[in-house]
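Number of protein chains: 2
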Amino acid sequence: MLSIKRLNTRDDGFKASLRALLAFDATQDDSIENAVTDILKGVRQHGDAALLDYTRRFDRVTAASVAELEITPAALAAALDSLDAAQRQALEAAADRVRRYHERQRAETWTYTEDDGTMLGQKITPLDRVGLYVPGGKAAYPSSVLMNAIPAKVAGVGEVVMVTPTPDGLRNPIVLAAAALGGVDRAWAIGGAQAVAALAFGTDTIAPVDKIVGPGNAYVAAAKRRVFGVVGIDMIAGPSEILIVADGTTPADWVAMDLFSQAEHDELAQAILLCPDAGYLDQVAQAMDRLLPGMPRADIIRTSLANRGGLIQVRDMEEACEIANDIAPEHLEISADEPQRWADLIRHAGALFLGRYSSEALGDYCAGPNHVLPTSRTARFSSPLGVYDFQKRSSLIQVSRDGAQTLGRIAACLAYGEGLQAHAASAEYRLPSTEKT
Amino acid sequence: MLSIKRLNTRDDGFKASLRALLAFDATQDDSIENAVTDILKGVRQHGDAALLDYTRRFDRVTAASVAELEITPAALAAALDSLDAAQRQALEAAADRVRRYHERQRAETWTYTEDDGTMLGQKITPLDRVGLYVPGGKAAYPSSVLMNAIPAKVAGVGEVVMVTPTPDGLRNPIVLAAAALGGVDRAWAIGGAQAVAALAFGTDTIAPVDKIVGPGNAYVAAAKRRVFGVVGIDMIAGPSEILIVADGTTPADWVAMDLFSQAEHDELAQAILLCPDAGYLDQVAQAMDRLLPGMPRADIIRTSLANRGGLIQVRDMEEACEIANDIAPEHLEISADEPQRWADLIRHAGALFLGRYSSEALGDYCAGPNHVLPTSRTARFSSPLGVYDFQKRSSLIQVSRDGAQTLGRIAACLAYGEGLQAHAASAEYRLPSTEKT
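Sequence order for the protein chains is A and B.
So the first sequence is numbered by UniProt numbering: it starts at 1 and just counts up by one.
So the second sequence is numbered by UniProt numbering: it starts at 1 and just counts up by one.
If you are wondering where the hints come from, they were derived from the structure by calculation, not from laboratory data.
Hints are not guaranteed to be accurate.
Have a look at the derived ranges for each label pair, beta carbon to beta carbon [claimed, not checked]:
1. B/R10 <-> A/A63: 55 to 61 Å
2. A/S31 <-> B/D115: 51 to 57 Å
3. B/Q89 <-> A/Y112: 21 to 27 Å
4. B/D116 <-> A/E33: 47 to 53 Å
5. A/D402 <-> B/E338: 18 to 24 Å
6. B/G158 <-> A/A63: 51 to 57 Å
7. B/R341 <-> A/G158: 18 to 24 Å
Computed list of lysine-lysine pairs in DSSO-like fashion (alpha-carbon distance at most 27 Å, straight line) [unchecked claim]:
8. A/K153 <-> A/K123
9. B/K41 <-> A/K15
10. B/K153 <-> A/K123
11. B/K15 <-> A/K41
12. B/K5 <-> B/K15
13. B/K123 <-> A/K123
14. B/K123 <-> B/K153
15. B/K123 <-> A/K153
16. A/K15 <-> A/K5
The structure displayed is predicted, hence computed values, not measured ones.
All C-beta atoms, glycine included, are put in the ideal place defined by N, C-alpha and C.
Build the full structure now, drawing on both the sequences and the hints.
So this is what it looks like as structure tokens:
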């Protein structure tokens with residue numbers, strides 16, 4: 001039997017119970033922080049030598065030079081060629097759909113000219129070089145390689161550099177194939193905080209990048225947090241979450257399996273179902289009991305659902321949407337007959353999956369939108385990974401001689417008000433009364 | 001006499017000299033970090049009471065309740081009414097221009113439907129509530145209030161909440177007037193790390209926000225860094241910088257004053273001039289010597305230029321643009337006859353000021369683009385503050401029954417490859433062969 005919390009919004013203390021369910025201790029571990037401090041310092045000071053040393057100690061891979069740790073473009077291409085036909089086709093179809101969706105996110109430079117000839121605008125440029133971290137071992141997801149590399153290449157990033165640890169020298173061929181398909185330009189068999197340090201600071205062999213993206217363990221996350229400012233970073237992801245708002249019209253088995261598909265990620269993953277119909281919640285609970293034994297990752301699912309899962313009875317669908325906005329979930333399935341009606345009420349969610357056919361799993365792999373999404377309520381203020389994370393803007397200001405007369409007076413007045421006389425003088429120099437050439 | 005470094009790209013060791021000039025020690029101060037830890041904990045645990053206590057200790061303002069510390073909408077409106085006509089007109093003209101520019105940055109929701117009926121898209125929503133930190137005392141810039149509040153309101157943020165310390169009860173009327181003009185919804189006379197804590201965690205009187213923006217001292221910066229994740233934050237700004245690329249055709253006095261306008265901000269500000277013409281660099285140096293005594297902030301300017309300023313002779317304008325890309329300056333003036341020709345070579349800068357009439361001061365106050373810009377080389381990967389910082393995206397995925405057949409197969413294949421059987425089953429449930437209702 002599967003144990004999962006049942007809540008009802010009519011209960012006293014529901015809000016507190018919901019908060020307790022959502023709570024997640026993100027406290028940083030001092031021993032990890034200290035280890036990362038040492039590793040960052042080591043790579044910064046000793047470069048390639050430190051990188052080789054840490055790789056030998058942590059991944060049990062001995063190399064005479066960092067150059068030996070390169071996974072060559074030929075090796076990436078060979079991995080792609082080695083896939084069986086079905087897997088290759090699936091990966092290619094996914095890459096193609098992800099690319100097409102992300103192409104719509106590309107921003108373009110714009111300018112406009114005012115009546116007096118002053119031109120204003122916003123110039124869009126891609127980042128020069130981006131580092132993509134890909135975990136080794138069991139958390140190595142080829143789909144993540146696509147989701148991170150493709151937006152960068154669509155943005156026009158000059159060079160995408162992948163790092164991935166290869167413990168005991170073991171390379172994951174599907175990950176390398178995905179790198180080839182995603183357009184990764186160079187790849188290195190390094191990982192951990194030492195790989196983050198190499199990307200941020202550069203070494204003799206590895207050129208520094210401008211931004212580092214991609215998931216990683218606690219050491220990688222701590223290292224990314226530390227190098228932020230030297231380089232850009234993407235979000236530091238918390239545990240993955242799904243919230244399903246159901247009106248009770250989707251087969252209970254489907255919703256049960258959607259909850260499982262989140263819970264199977266890891267013990268900290270969170271899967272919550274909201275529905276106005278208590279009977280439907282019962283059906284889903286029964287379906288979960290029936291389906292669990294067939295799941296290879298049943299133990300992870302059981303722990304995740306027992307500790308962090310929830311079946312919540314709401315008064316109505318409107319209330320479900322209010323709660324969804326409060327939770328601001330990473331993934332929100334609206335499994336209902338009129339999904340758009342409820343979607344219109346949603347302000348905060350990483351991705352909305354509308355209607356019974358839109359299971360999260362389809363979005364995780366191949367619908368097109370990115371699967372790197374804001375977790376832990378950060379959808380209140382942040383967005384899925386996208387092309388916009390690999391482009392940046394520069395303001396364009398070309399003031400005409402006439403424009404300088406108007407703007408100069410305004411600027412000088414405000415500058416005097418702020419006590420900044422050099423600002424005022426710089427503006428006034430451009431006025432006709434003082435203009436000298 | 002003003003002392004400022006002269007460099008030449010032809011010199012041995014130029015690169016190292018340039019690095020040394022750009023270097024800036026951003027080490028965090030442990031005593032500040034510890035104080036901020038205590039303040040955050042205090043406000044989190046004791047709410048309003050802690051806020052009142054810190055405000056009494058740090059700002060010497062005693063209030064019986066946090067409600068007493070509100071700066072009411074009527075008080076903001078009164079401050080606006082109290083401005084003299086010229087200043088009010090200047091502030092209104094600036095607000096109007098900033099608003100018009102930022103309206104072009106607003107993103108809109110888009111969707112598209114594929115042949116099989118699957119709908120994909122990107123939904124745009126504003127943040128619900130934003131906190132705007134405005135420093136008290138000498139660093140209180142009304143222009144900054146406009147530059148932070150207007151993009152938030154253009155984005156559609158429901159509530160913009162300003163906090164600003166009022167040491168000894170002293171309120172800055174121009175700051176309050178700018179808040180009224182910028183559309184600030186509520187304002188509180190609180191500051192420091194305690195104000196950041198109140199905005200991030202909320203108290204009985206102050207509702208929590210979703211993002212905190214605006215400049216502040218080291219305590220405010222440390223507090224923002226700590227609450228990041230609970231709320232969004234804007235960049236933590238380093239010292240302000242200008243890089244001027246000149247071809248020698250702009251009056252030397254103008255360029256000298258533009259360098260001063262950056263240097264007068266504070267002793268750590270950085271002002272650097274690149275020019276192929278040694279004679280012109282001499283002229284600018286002479287102009288600075290002549291103009292410095294007339295500057296009220298001459299001491300700050302002298303220190304800033306002596307420690308962090310530079311006049312650099314380059315081989316040609318192309319080389320100047322290469323160096324500009326390496327520096328990735330916050331402000332880049334291209335003071336030249338063909339500014340667009342050189343602007344096309346620039347990949348990394350917060351804002352580009354093109355042509356002799358486009359002094360940075362015009363952009364600081366009223367050209368239209370934002371004056372909150374990426375510092376310390378972060379223009380390599382980040383952008384000016386904009387409407388996009390107050391909007392966020394949610395992916396939209398509505399898979400049709402037909403679409404689920406195609407996508408389900410791809411997703412299931414990839415999910416099996418990643419060992420995620422519940423993902424595969426969730427996708428396969430939507431295939432016709434297994435579909436049950």
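Hint by hint, which ones does this structure get wrong, listed from lowest number up?
-> As far as the earlier hints go, only 1 is violated by this structure.
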